[in-house]
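Chemist: Given these sequences and hints, build the entire structure.
One line per chain: the protein sequences are Z and A, in this order.
231 is the number that the working numbering gives to position 231 of the first sequence; each next residue is one higher, with no gaps.
Start counting at 1 in the second sequence, then tack on 270, and there's your number in the working numbering.
Certain hints may be false.
Okay, derived cross-link-like pairs now, EDC-like style, lysine to aspartate or glutamate, Cα gap no bigger than 16 Å in a straight line [as the list claims (entries may be wrong)]:
#, chain 1, residue 1, chain 2, residue 2
1, Z, Lys-229, A, Glu-660
2, Z, Lys-229, Z, Asp-109
3, A, Lys-692, A, Glu-760
4, A, Lys-283, A, Asp-324
5, Z, Lys-229, A, Glu-662
6, A, Lys-274, A, Asp-294
Label pairs and their computed distance ranges (CB to CB) [said to hold, decoys possible]:
#, chain 1, residue 1, chain 2, residue 2, range
7, Z, Glu-122, A, Ala-498, 23 to 33 Å
8, A, Arg-759, Z, Asp-89, 25 to 35 Å
9, Z, Glu-122, A, Thr-499, 22 to 32 Å
These are calculated hints, taken from the structure and not from any lab test.
Model, not experiment: these values are computed from the prediction.
Every residue gets a Cβ at the ideal spot worked out from N, C-alpha and C, and that includes glycine.
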Amino acid sequence: MAGNGSSAGTLARLRDRIARIEAGRGGGMPGRAALGHEEADAVLQGGLARGAVHEVFAEGRHSATASGFIAGLAQRICANRPLLWVRQDFSARESGALSMRGWRELGLDPCLLVTVHASDVESALRTAADALACDAFGAVVMEIWGETRLLDLVASRRLTLAAGGSGVTGLLLRVAATPLPSTAETRWIVRPARSPSCAAWQAWGSPVLETRLVRNRHGRTGQWIMEWKCDECLFRDVPFHGAQTYSQPVAAASADRPDRARVVALRRTG
Amino acid sequence: MMEKRFPRIVVAKQNNALVISALDDAAARIGLAVGLPLANARAICPEIDVFDADEIADGKTLSGIADWCDRFTPLVALDPPHGLLLDITGCAHLFGGEAALMNALCGALTRQGFVVSAAIAGTPACARALTRHAHGRIVAPGEEARAIAALPVFTLGADDAITRGLRRVGLKTIGDVAARGRHEIAARFGSAFTTLLEQALGQSDAPINPRKPLPDFIVEKRFAEPIATDGAIAMTLASLARTLIAAMEKQGKGARRLEAVFFRTDGAVRVIAVETGRPVTRGETIDRLFRERLDALADPLDPGFGFDLVRLSAVRTDLVIQEQRDLDTHVRDNDEVAALVDRLAARIGSHRVVVHLPQDTHIPERASVPMPAQQHLAAAMRAEWLERIEGEPPLRPLRLFAPPEPIEVTAMFPDGPPAQFKWRHRQCLIAHVEGPERIAMEWWNRCEQPLSPEPDDEFMRLHPPQGEVAVARADGSALTRDYFRAEDREGVRYWLYREGTYEREVQTFRWFLHGLFA
Chain Z
1 MAGNGSSAGT LARLRDRIAR IEAGRGGGMP GRAALGHEEA DAVLQGGLAR
51 GAVHEVFAEG RHSATASGFI AGLAQRICAN RPLLWVRQDF SARESGALSM
101 RGWRELGLDP CLLVTVHASD VESALRTAAD ALACDAFGAV VMEIWGETRL
151 LDLVASRRLT LAAGGSGVTG LLLRVAATPL PSTAETRWIV RPARSPSCAA
201 WQAWGSPVLE TRLVRNRHGR TGQWIMEWKC DECLFRDVPF HGAQTYSQPV
251 AAASADRPDR ARVVALRRTG
Chain A
271 MMEKRFPRIV VAKQNNALVI SALDDAAARI GLAVGLPLAN ARAICPEIDV
321 FDADEIADGK TLSGIADWCD RFTPLVALDP PHGLLLDITG CAHLFGGEAA
371 LMNALCGALT RQGFVVSAAI AGTPACARAL TRHAHGRIVA PGEEARAIAA
421 LPVFTLGADD AITRGLRRVG LKTIGDVAAR GRHEIAARFG SAFTTLLEQA
471 LGQSDAPINP RKPLPDFIVE KRFAEPIATD GAIAMTLASL ARTLIAAMEK
521 QGKGARRLEA VFFRTDGAVR VIAVETGRPV TRGETIDRLF RERLDALADP
571 LDPGFGFDLV RLSAVRTDLV IQEQRDLDTH VRDNDEVAAL VDRLAARIGS
621 HRVVVHLPQD THIPERASVP MPAQQHLAAA MRAEWLERIE GEPPLRPLRL
671 FAPPEPIEVT AMFPDGPPAQ FKWRHRQCLI AHVEGPERIA MEWWNRCEQP
721 LSPEPDDEFM RLHPPQGEVA VARADGSALT RDYFRAEDRE GVRYWLYREG
771 TYEREVQTFR WFLHGLFA
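Modeler: Now the structure itself:
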């Protein structure tokens with residue numbers, strides 16, 4: 001078919017132009033925030049885009065895991081700028097209120113967190129849209145529990161436009177909800193993963209999550225098991241995950257001890 | 271054709287008898303009077319309409335009238351049961367003089383169906399005495415004693431016993447009482463009465479106790495033709511805001527709490543207030559805050575037949591310190607955060623926008639306290655939180671249930687770690703468990719009901735039990751908790767606790783799910 005090559009070239013040029021236009025819109029803090037997880041960052045072309053809306057979905061029982069994931073994302077995106085967390089009253093009843101001690105334990109700073117307790121979805125949406133439109137915060141998290149018709153394509157588009165205009169990132173935490181069409185940049189489905197097996201006295205390590213990137217407007221999707229490193233404040237690949245047993249260094253025979261006996265400090269329980 | 275109206279009276283219970291507490295003109299004409307028992311009144315005229323007195327409704331009406339009177343002066347005090355005191359110092363000229371002000375006030379109230387008796391004098395006590403006998407008097411400064419000399423003593427408003435006593439000794443008018451030596455009166459009727467007398471005579475003054483604190487700045491706009499449309503209201507507020515800002519700027523002040531008062535032509539008054547986290551110095555900000563507030567009202571502003579007076583007052587102001595902005599963007603960010611917080615608070619209420627402040631306690635649910643962001647933003651940004659321990663996994667959950675949710679737990683042995691539990695109709699099998707971590711309640715904060723040690727136990731008396739035992743309470747609110755961190759087969763991480771220590775505090779355990787880890 002004649003002209004096929006030239007039309008493909010035109011299409012490529014147009015795509016390139018659109019990409020340029022879209023990239024040019026973001027003000028404030030443009031660019032991408034790397035998660036720290038190498039494969040995920042590669043798929044996301046350097047990290048999560050700022051000045052866009054990202055969605056995280058989780059089942060009702062996994063709300064805390066999803067909260068942890070989104071708190072981690074917010075930390076990576078904000079980088080010492082304040083964070084606004086908008087939640088519905090119902091959500092606190094269903095999945096518990098955010099605990100600042102727990103927030104601190106994840107390596108995050110409660111000083112930079114402002115929480116809005118919205119009475120319903122409508123008020124939460126309006127608050128989030130307002131906060132996204134002005135660049136006071138580094139990111140705005142909106143937590144909505146259950147299905148809602150208010151968060152349709154129009155509402156989602158409004159949030160995306162507000163985020164694009166100000167460069168503030170919107171993070172949407174949707175617990176116990178089915179994904180609807182939206183204009184979000186990425187969509188994640190998060191569930192907890194089992195801790196790597198370890199000694200009986202060592203119940204677990206840092207939070208481990210199974211993340212599925214099910215939608216990515218500008219790239220591939222993927223699925224990873226990540227670990228949130230509380231001290232470094234980044235996501236990492238989980239070593240040895242899935243292995244039922246793995247070897248640990250043990251003290252060699254007493255005659256010749258090239259490897260000194262590792263003193264395993266018992267972790268305090270309180 | 272008008273229906274024939276019977277005389278109307280209001281009765282209230284006094285000393286176990288129903289007596290007349292108020293009546294209308296028709297009732298007065300047939301010889302009824304306040305204080306007459308209802309039985310006597312019925313004997314005089316069987317055809318009367320009787321109503322029960324409702325003091326609460328009276329009080330509401332009086333405070334409604336007081337709201338309306340705010341249009342004349344910001345200093346309005348209640349003088350129960352039927353009076354209002356207005357301090358019109360410096361306000362009269364705005365209405366064309368004292369007489370014109372009184373005419374306007376009485377005329378408007380009469381049109382609304384009230385019977386008014388008013389007087390203007392140098393002291394509240396003097397004016398009050400005049401209203402009870404001579405409506406419409408205006409007493410020039412210094413003339414108080416002469417003006418009230420001829421009034422009967424009951425107009426002073428002293429106790430009934432004092433009034434009766436004065437009459438019994440032949441002192442019928444205030445002039446008679448004033449002519450006696452002050453010490454004689456004080457010896458018989460008490461010093462409180464002489465103070466009242468001196469105030470009435472203008473020899474001493476007591477300030478009135480206004481219902482609302484005097485705002486620092488007030489601007490208002492009156493309309494010959496009442497306004498009712500949203501656009502007109504918004505424009506009025508915007509222009510008032512500009513005037514207010516100009517007035518505050520001269521003194522270097524910014525508004526912390528603003529009130530817009532809308533006076534409706536039919537007498538209803540609506541007050542709408544907004545608070546800000548830091549002093550507002552821009553007219554546009556005020557305008558915007560009020561727009562947010564008006565949009566979010568649950569019962570919208572009802573103009574009825576229109577507002578004839580709109581007032582904007584800065585109830586609380588702060589000195590504005592003009593700071594030199596440096597190149598550090600941090601300062602600018604905080605300003606923007608504060609501005610956004612103010613806007614959100616104006617719309618959804620300041621208690622819904624919160625920051626978190628750390629508390630010095632180890633009780634998990636009290637470790638942080640949410641405070642309104644408007645007032646505590648700066649404090650929260652500087653707050654110092656407990657450092658986490660390097661290399662440890664999270665020791666506290668990210669989400670806490672308030673209150674903790676009861677669960678059914680199966681444990682290997684009574685005070686052992688949980689093996690499985692049922693939460694929200696779901697069975698969770700535990701794969702890993704770590705604990706217990708014992709958290710005792712703060713016995714030093716809760717000594718309201720200490721259990722007394724057994725008197726015959728010498729050891730217990732010498733060594734009172736530490737902490738948890740001394741404060742164990744029947745409702746379980748102060749029981750020791752043993753916390754476990756547990757992970758189920760799926761990987762969900764729970765924070766569970768067992769309430770009470772076995773045999774010291776409880777005989778059977780109750781288990782709760784307190785939080786979820788990320």
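Chemist: Confirm or reject each hint.
Modeler: Here is how each hint holds up against the structure:
no. : hint                              : result
1   : Z:Lys-229 x A:Glu-660             : holds, 11 Å
2   : Z:Lys-229 x Z:Asp-109             : holds, 15 Å
3   : A:Lys-692 x A:Glu-760             : holds, 15 Å
4   : A:Lys-283 x A:Asp-324             : holds, 11 Å
5   : Z:Lys-229 x A:Glu-662             : holds, 10 Å
6   : A:Lys-274 x A:Asp-294             : holds, 15 Å
7   : Z:Glu-122 x A:Ala-498: 23 to 33 Å : holds, 28 Å
8   : A:Arg-759 x Z:Asp-89: 25 to 35 Å  : holds, 32 Å
9   : Z:Glu-122 x A:Thr-499: 22 to 32 Å : holds, 26 Å
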